[in-house]
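**Q** The primary structure of each chain is shown beneath.
Number of protein chains: 2
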Amino acid sequence: MKKLINNPNNVVEEMIDGYVKAHPTYIKRLEENDRSLVTARKTTDNKVGILIGGGSGHEPGFLGYVGDGMADGVAVGNIFASPPPAPILEVTKAIDKGAGVVYLYGNYAGDVMNFGMAADLADMEDIHVEMVLTTDDVASAPIEEKEKRRGIAGEFFVFKTAGAAADQGYNLGEVARIARKTNEFTRSMGVGLTPCSLPQTGEPSFEIGDNEMELGLGHHGEPGIKKVPMDKADNIADELLKHIFADMPLNKDDEVAVLVNGLGSTPRLELYIMYRRVEQVLKEKGIHIYRSYVGDYITSLEMGGCSITLTKVDDELKKLIDHPVDCPMFVQK
Amino acid sequence: MKKLINNPNNVVEEMIDGYVKAHPTYIKRLEENDRSLVTARKTTDNKVGILIGGGSGHEPGFLGYVGDGMADGVAVGNIFASPPPAPILEVTKAIDKGAGVVYLYGNYAGDVMNFGMAADLADMEDIHVEMVLTTDDVASAPIEEKEKRRGIAGEFFVFKTAGAAADQGYNLGEVARIARKTNEFTRSMGVGLTPCSLPQTGEPSFEIGDNEMELGLGHHGEPGIKKVPMDKADNIADELLKHIFADMPLNKDDEVAVLVNGLGSTPRLELYIMYRRVEQVLKEKGIHIYRSYVGDYITSLEMGGCSITLTKVDDELKKLIDHPVDCPMFVQK
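Chains as they are written, first to last, in this note's numbering: chain A, 1 to 333; chain B, 1 to 333.
FYI, nobody ran anything at the bench for these hints, they're computed from the structure. Incorrect hints may have been included.
Pair ranges (Cβ atoms, derived) [unchecked claim]: (1) A:N251 <-> B:E207: 52 to 58 Å; (2) B:G209 <-> A:E174: 45 to 51 Å; (3) A:T201 <-> B:H288: 35 to 41 Å.
Far from chain A, some chain B residues (derived; all Cβ distances over 10 Å) [unchecked claim]: (4) E31; (5) S56; (6) V112; (7) M117; (8) D126; (9) P142; (10) Q200; (11) D210; (12) L215; (13) E255; (14) E270; (15) M274; (16) E302; (17) D315; (18) E316.
None of these values were measured; they are calculated from a predicted model. Yeah, the Cβ is synthetic: ideal placement off N, Cα and C, and Gly gets one too.
Using the sequences and the hints given, assemble the complete structure.
**A** Structure below.
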């Protein structure tokens with residue numbers, strides 16, 4: 001796989017370097033760890049800090065979501081690997097204003113361990129931390145074991161509502177409650193068409209035939225539910241939605257926020273064709289779409305495919321979904 | 001190439017259908033032509049209309065740039081093909097408020113013919129039209145034949161400044177002057193790593209070896225300057241910038257807006273590594289970066305590679321670059 005890189009061992013450092021230089025009014029590096037970044041904007045006093053993080057290669061996730069109305073800081077890991085506790089702790093200390101910090105991250109073993117350790121260290125410095133895991137991927141474990149599920153693109157809605165809540169002055173417990181509620185009301189499922197390759201190894205992230213796709217693929221290439229022959233976009237959307245509806249029953253007149261997320265190399269044209277079908281199916285069921293997002297929100301380098309996310313929204317979540325955002329990779333008026 | 005589509009002959013209709021359903025508060029279809037779209041927002045009285053257009057497959061170009069502060073309407077063509085005169089004329093009539101309409105499009109034979117014919121037809125209906133071609137691709141013809149050059153990602157800056165000027169109340173001649181000035185001060189050059197394939201034919205858009213890249217590739221796969229072996233990102237950036245500087249000399253303390261544009265399947269991580277080098281080189285030359293854009297702004301389906309665009313900015317252009325924008329695929333506060 002051809003890549004626009006220099007030394008494969010330096011891709012994360014060089015990306016961060018370019019990112020900070022491109023957006024100096026938005027984000028800055030902290031001093032101890034090269035991969036600890038915080039907003040360059042002045043935030044409100046007593047605001048609860050929002051800390052996000054995880055592996056690189058998911059851009060705009062995660063550093064792209066540091067900015068007004070979303071996260072205050074990010075700890076950046078290697079490609080598809082969790083950041084260690086040190087940068088997480090450094091960001092925690094930098095963004096805590098006495099009101100505590102909420103950690104938002106996907107449910108992966110490395111992240112669970114490292115964010116947990118960082119929270120323990122923060123506790124020793126009397127910083128209150130709440131941890132919220134996202135577990136939106138319905139394909140990754142049965143509903144009875146929801147706590148084992150991976151976080152995929154639905155993380156975007158957790159960042160969005162929790163970030164808005166913190167910006168609107170909610171306290172630590174309330175911001176964490178919003179994040180958990182959003183996760184509880186969020187379901188995603190993806191389909192993988194073509195793998196990406198890691199810069200250091202050049203190995204494909206998963207194996208797939210020329211006329212196959214993998215339903216329920218995880219966003220590091222983790223196995224999904226099954227490999228099936230390629231199909232039409234409408235049928236793929238129907239299949240993904242079927243799994244989502246089975247997992248989170250929605251009733252007529254329920255309202256949802258929708259995300260059709262590209263995994264990296266899928267053209268917007270295709271994502272909108274997928275969205276078209278999602279809208280048709282929801283309409284047939286009498287489910288109202290409150291707000292839609294279509295594009296690359298949480299990617300896997302140049303992986304091909306997409307995921308569909310539905311978040312059931314009530315009045316409280318709607319107000320937070322509508323809250324303005326100003327980040328380098330995502331702006332909402 | 002696997003694609004998330006239904007019938008390959010319907011991809012443009014279905015994309016537009018999904019797009020309008022996803023963003024109903026931003027954009028709407030006109031009645032006569034399925035591919036005539038205009039802003040759903042109320043615009044100022046006597047505002048000069050901004051009409052953009054061209055082939056599909058370049059999303060966010062072009063329909064993604066209809067919205068506040070950019071274009072008022074778009075005529076959408078087939079994949080990589082110009083829209084015919086009829087939808088262009090229909091959009092023209094819909095967005096003309098008596099102050100005239102500016103057509104902004106890339107310098108391609110089909111577009112030149114169809115937008116020209118639409119302008120003639122508009123003239124018969126007493127609508128004043130100014131046409132501005134973008135010709136930013138330095139690799140497509142020598143400077144002596146600048147009028148033969150293709151428009152590539154630099155179109156984004158032409159849309160940005162002309163859209164802002166119209167929004168700020170500039171008259172028809174002034175908006176056209178701004179668009180031409182921006183084009184005059186804009187240079188781009190791209191590099192192609194991997195082709196895309198057209199939904200209807202499945203054929204790759206250009207041929208390239210496993211360890212090769214094409215310098216100066218056009219955004220429909222038109223031949224560039226030469227095929228060369230893959231190289232490091234820094235060397236590629238240096239090479240692209242060398243051609244740009246040779247074409248548009250920049251002096252110490254000049255200011256530029258920078259766009260590092262992905263062609264479709266190139267991860268943001270790589271685009272920021274490219275940006276990192278662009279910033280280094282400009283800094284060494286004492287050229288100041290006024291504002292930066294890094295991401296997928298004008299794509300070629302799932303083509304791999306990127307382009308670099310520099311626009312020399314003065315006080316007038318800076319004010320327009322800074323003007324806020326609210327479009328479904330591009331928001332700037």
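**Q** All hints are to be evaluated individually against the structure, with a verdict given for each.
**A** These are the hints, each one checked on the structure:
1. A:N251 <-> B:E207: 52 to 58 Å: The hint (52 to 58 Å, Cβ to Cβ) holds, given that N251 (chain A) and E207 (chain B) are roughly 53 Å apart.
2. B:G209 <-> A:E174: 45 to 51 Å: Violated, since G209 (chain B) and E174 (chain A) (Cβ atoms, about 57 Å apart) do not stay within the stated range.
3. A:T201 <-> B:H288: 35 to 41 Å: Holds, at about 39 Å.
4. E31: Non-interface label stands for E31 (chain B): nearest chain A Cβ at 20 Å, farther than 10 Å.
5. S56: For S56 (chain B), whose nearest Cβ neighbour in chain A is about 7 Å away, the distance does not exceed 10 Å, so it is violated.
6. V112: 24 Å, holds
7. M117: 26 Å, holds
8. D126: The claim stands: D126 (chain B) keeps its Cβ more than 10 Å from every Cβ of chain A (closest is about 36 Å).
9. P142: 27 Å, holds
10. Q200: Per Cβ check, Q200 (chain B) is outside 10 Å of chain A; nearest 13 Å; holds.
11. D210: Per Cβ check, D210 (chain B) is inside 10 Å of chain A; nearest 8 Å; violated.
12. L215: 13 Å, holds
13. E255: Nearest chain A Cβ is 15 Å from E255 (chain B), so the label holds.
14. E270: At about 4 Å from chain A, E270 (chain B) fails to clear the 10 Å cut-off, so the statement is violated.
15. M274: The claim is violated: M274 (chain B) sits with its nearest Cβ about 6 Å from chain A, within 10 Å.
16. E302: 5 Å, violated
17. D315: It holds; D315 (chain B) is separated from chain A by about 19 Å at its closest Cβ, greater than 10 Å.
18. E316: 22 Å, holds
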